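Participant: Top line first, the protein sequences correspond to chains A and B. Position 204, counted from 1, in the first sequence is what our numbering calls 241; the numbers after and before it change by one each time, with no gaps. Position 46, counted from 1, in the second sequence is what our numbering calls 83; the numbers after and before it change by one each time, with no gaps.
Errors might be hidden in some of the hints.
Since the list gives no way to pick out one identical chain from another, each pair is judged satisfied if it fits inside one copy or across any two copies.
Said to hold, decoys possible - Capping the alpha-carbon separation at 20 Å, the derived lysine to aspartate or glutamate pairs in EDC-like fashion look like this:
#1 Lys448 x Asp94
#2 Lys270 x Asp300
#3 Lys349 x Glu431
#4 Lys277 x Asp412
#5 Lys418 x Asp439
None of these hints come from the bench; they were simulated from the model. For clarity, every value in this text was computed on a predicted model and none was experimentally measured.
2 protein chains.
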Amino acid sequence: MARSTEKKNAFYAQSGGVTAVINASACGVIETARKHKDKIGKVYAGRNGIIGALTEDLIDTSKESARAIAALRHTPSGAFGSCRYKMKSLEANKREYDRLIEVFAAHNIGYFFYNGGGDSADTCLKVSQLSKATGYPIQAIHVPKTVDNDLPITDNCPGFGSVAKYIAVSTREASFDVASMCATSTKIFVLEVMGRHAGWIAAAGGMAATENVDLPIVILFPEVKFSQGKFLKLVKEKVKQYGYCSIVVSEGVQDRSGNFLADQGLKDAFGHAQLGGVAPVIAGLIRDKLGYKYHWAVADYLQRSARHIASKSDVEQAYAMGKAAVEMALQGKNSVMPTIKRTSSKPYRWKIGEAKLSRVANVEKMMPKGFISRDGFGITKKCREYLEPLIAGEDYPPYGKDGMPKYVQLKNAPARKKLADFKVK
Amino acid sequence: MARSTEKKNAFYAQSGGVTAVINASACGVIETARKHKDKIGKVYAGRNGIIGALTEDLIDTSKESARAIAALRHTPSGAFGSCRYKMKSLEANKREYDRLIEVFAAHNIGYFFYNGGGDSADTCLKVSQLSKATGYPIQAIHVPKTVDNDLPITDNCPGFGSVAKYIAVSTREASFDVASMCATSTKIFVLEVMGRHAGWIAAAGGMAATENVDLPIVILFPEVKFSQGKFLKLVKEKVKQYGYCSIVVSEGVQDRSGNFLADQGLKDAFGHAQLGGVAPVIAGLIRDKLGYKYHWAVADYLQRSARHIASKSDVEQAYAMGKAAVEMALQGKNSVMPTIKRTSSKPYRWKIGEAKLSRVANVEKMMPKGFISRDGFGITKKCREYLEPLIAGEDYPPYGKDGMPKYVQLKNAPARKKLADFKVK
Numbered sequence: 038m039a040r041s042t043e044k045k046n047a048f049y050a051q052s053g054g055v056t057a058v059i060n061a062s063a064c065g066v067i068e069t070a071r072k073h074k075d076k077i078g079k080v081y082a083g084r085n086g087i088i089g090a091l092t093e094d095l096i097d098t099s100k101e102s103a104r105a106i107a108a109l110r111h112t113p114s115g116a117f118g119s120c121r122y123k124m125k126s127l128e129a130n131k132r133e134y135d136r137l138i139e140v141f142a143a144h145n146i147g148y149f150f151y152n153g154g155g156d157s158a159d160t161c162l163k164v165s166q167l168s169k170a171t172g173y174p175i176q177a178i179h180v181p182k183t184v185d186n187d188l189p190i191t192d193n194c195p196g197f198g199s200v201a202k203y204i205a206v207s208t209r210e211a212s213f214d215v216a217s218m219c220a221t222s223t224k225i226f227v228l229e230v231m232g233r234h235a236g237w238i239a240a241a242g243g244m245a246a247t248e249n250v251d252l253p254i255v256i257l258f259p260e261v262k263f264s265q266g267k268f269l270k271l272v273k274e275k276v277k278q279y280g281y282c283s284i285v286v287s288e289g290v291q292d293r294s295g296n297f298l299a300d301q302g303l304k305d306a307f308g309h310a311q312l313g314g315v316a317p318v319i320a321g322l323i324r325d326k327l328g329y330k331y332h333w334a335v336a337d338y339l340q341r342s343a344r345h346i347a348s349k350s351d352v353e354q355a356y357a358m359g360k361a362a363v364e365m366a367l368q369g370k371n372s373v374m375p376t377i378k379r380t381s382s383k384p385y386r387w388k389i390g391e392a393k394l395s396r397v398a399n400v401e402k403m404m405p406k407g408f409i410s411r412d413g414f415g416i417t418k419k420c421r422e423y424l425e426p427l428i429a430g431e432d433y434p435p436y437g438k439d440g441m442p443k444y445v446q447l448k449n450a451p452a453r454k455k456l457a458d459f460k461v462k
Numbered sequence: 038m039a040r041s042t043e044k045k046n047a048f049y050a051q052s053g054g055v056t057a058v059i060n061a062s063a064c065g066v067i068e069t070a071r072k073h074k075d076k077i078g079k080v081y082a083g084r085n086g087i088i089g090a091l092t093e094d095l096i097d098t099s100k101e102s103a104r105a106i107a108a109l110r111h112t113p114s115g116a117f118g119s120c121r122y123k124m125k126s127l128e129a130n131k132r133e134y135d136r137l138i139e140v141f142a143a144h145n146i147g148y149f150f151y152n153g154g155g156d157s158a159d160t161c162l163k164v165s166q167l168s169k170a171t172g173y174p175i176q177a178i179h180v181p182k183t184v185d186n187d188l189p190i191t192d193n194c195p196g197f198g199s200v201a202k203y204i205a206v207s208t209r210e211a212s213f214d215v216a217s218m219c220a221t222s223t224k225i226f227v228l229e230v231m232g233r234h235a236g237w238i239a240a241a242g243g244m245a246a247t248e249n250v251d252l253p254i255v256i257l258f259p260e261v262k263f264s265q266g267k268f269l270k271l272v273k274e275k276v277k278q279y280g281y282c283s284i285v286v287s288e289g290v291q292d293r294s295g296n297f298l299a300d301q302g303l304k305d306a307f308g309h310a311q312l313g314g315v316a317p318v319i320a321g322l323i324r325d326k327l328g329y330k331y332h333w334a335v336a337d338y339l340q341r342s343a344r345h346i347a348s349k350s351d352v353e354q355a356y357a358m359g360k361a362a363v364e365m366a367l368q369g370k371n372s373v374m375p376t377i378k379r380t381s382s383k384p385y386r387w388k389i390g391e392a393k394l395s396r397v398a399n400v401e402k403m404m405p406k407g408f409i410s411r412d413g414f415g416i417t418k419k420c421r422e423y424l425e426p427l428i429a430g431e432d433y434p435p436y437g438k439d440g441m442p443k444y445v446q447l448k449n450a451p452a453r454k455k456l457a458d459f460k461v462k
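Bound-form chain A, shown alone (with noise of 0.2 Å):
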């Protein structure tokens, strides 16, 4: 692997869906990156992710203070801006890569760190192989970030444990709220998640209830095929049961045809169709066919940037990803992403591991079967093993004296253009 031995700056970049603890990652990679300042000159950032490099519009963060950088940890988002951006391999798209070459030269970057989900290590990886292909020396280090906890390898992903606390906590209190309603007013109360592929969010919200806290939880994952008759009755029984019932949804549910349930062809009064979702629709049946009354939400973005409710594991092992991914590139790695290993869940015990993203790119990793109850509405006592850590501990952002939490909004100084424009198509 080529290793600089004169002083590289780096590049940092967001990528994708944010989440409330994807600065933490970005505060892990600068702070680190300060404290060697004798092997890496500046961190920029991409603005607006992988689209920032290609445009040359990058973002000088030695511009900003250091207090500025230690509130990314307790900041949700994505501080320098995040893109929906894949890039093709580097046959089919030699000028982009071209391109993010004629940058990284133009200023002197040696260490690329990019922050996201699959796609992105997708995108890394192939940044990685630029050095061979290009003779350039670069260091392509990928930082793991994902609600979807879908990433393989890595025991979890940084973002999904706040996401599961948010789910965890609202349907615990909105179960609490149903139950002193159901007598005379509301039985029935659905809460749509993300995870269009993967249960892992749905599953959260399964912690509501535990041993001491008994709820009526209804889940429906996207990997077990929607079953109305059977859900319809399991519903039905734990009314009967407890006068109410939660029902916890995943965006990604579908029929026993593979369509989502959320495309249920929704039209309004002027026939144009309606964007649903899954949560009205699955409302609607328990109206039509039991017609208990019932209230839905759909949580969607506040899931995931809901930082002031993140867990402190996940808040610990974002930055943690971050400083790692920056020891890695110091020394003299390539081509990987650091990883969480867990030793053991009772007591919780990680350590970080390290994965080559040939094997991460474009693997996307499920719900072990395991985790969902034989009758497929429920998590299981080795998914809550799991789950548990990583909604544990609390890690509140500081807040004003107007009651609000204090997140940073950074200066974002542009670092000067040396290079003709570039157009993006």
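Since chain A is already given, all that's left is putting chain B on it; use the hints.
Facilitator: Structure of chain B alone, referenced to chain A:
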């Protein structure tokens, strides 16, 4: 006013939609009553509100430990069950009022504490009149509660501050999220909030942005007739300036003809009417007219049960209202409600006042005109000064090692029945 000299028991019940802090009021009532055992015997709670009184389904709160009662202070929802049930006038429903007296007499109840909003203030008023009408000595004190903040005389209502904090924090968090995504993806985030008649909760969304935290927030109030043209123009301007826009929409927004925007006659694939929220309607409008990529969320019960992000001043006031209600009863008062009197906004100072129920029942307090900005889409400085102290301070519940808040589920042991069954119509 009738004042009993012998030691009497108390009745407490929760009414209407529950909140994150109504149990803090219950805690205030029960803890204060327990401090006056020389004057107040047991506190019986109505199972499912006033229905528990009518059906003689009384919960004996003396069976709960001091620790369990203390935990009510940090537990959302209605611990004894609430109800949506408004009693008719004394003349129209003599049967039910006679029954109340029968139950009160059978259980030696001399104090009636009813915890709710405008409808329950009306019920409480009617109960207070039973003293005169029947000669049975009963003191009825109303304990204010409503997320809608629409009770008159009191400066604000317990329950509102916490939902306002939730909406303000969530809107800030989601706005940060969209800001990260807007270059290549989502440009519009729509959050639907509660408040069918008054825009207090929607106004809280405006607190997400401040002088120091510049965010584009557009609010749709139920008080302002929806103007599609003006709205779309403003959203377009915000997107031009910021790259994105957050929209906080009250469920009660109406068009110029007075129809709820939420009632857009959605039909599902089978032609059934679909109860939409207003958020997807607004999102669909933006897609059709401006073509921006959007996301939408409906907070529903999550907002009013979110004890994890309760406002400290709200929790304190909820408790104080319960305590004051018992103290008023001990002073021999009847047909009153403790109120919150603001004496200063900066620094925030308040004291406990008192309102006659005849002036509270069935009066709805709307947002003052001076609280909505001239264009109709934002809040004024005056509104900000009013809201800020209400969302100030954090009051976190305790968490277990499992990462979950420790909310209490009471035993809710029934008191022995002494009367024949009674059916609520």
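Participant: State for each hint whether it applies.
Facilitator: Right, here's what the structure says about each hint:
| no. | hint | verdict |
| --- | --- | --- |
| 1 | Lys448 x Asp94 | within (14 Å within a copy, 61 Å between copies) |
| 2 | Lys270 x Asp300 | neither (23 Å within a copy, 30 Å between copies) |
| 3 | Lys349 x Glu431 | both (5 Å within a copy, 18 Å between copies) |
| 4 | Lys277 x Asp412 | within (18 Å within a copy, 50 Å between copies) |
| 5 | Lys418 x Asp439 | between (42 Å within a copy, 14 Å between copies) |
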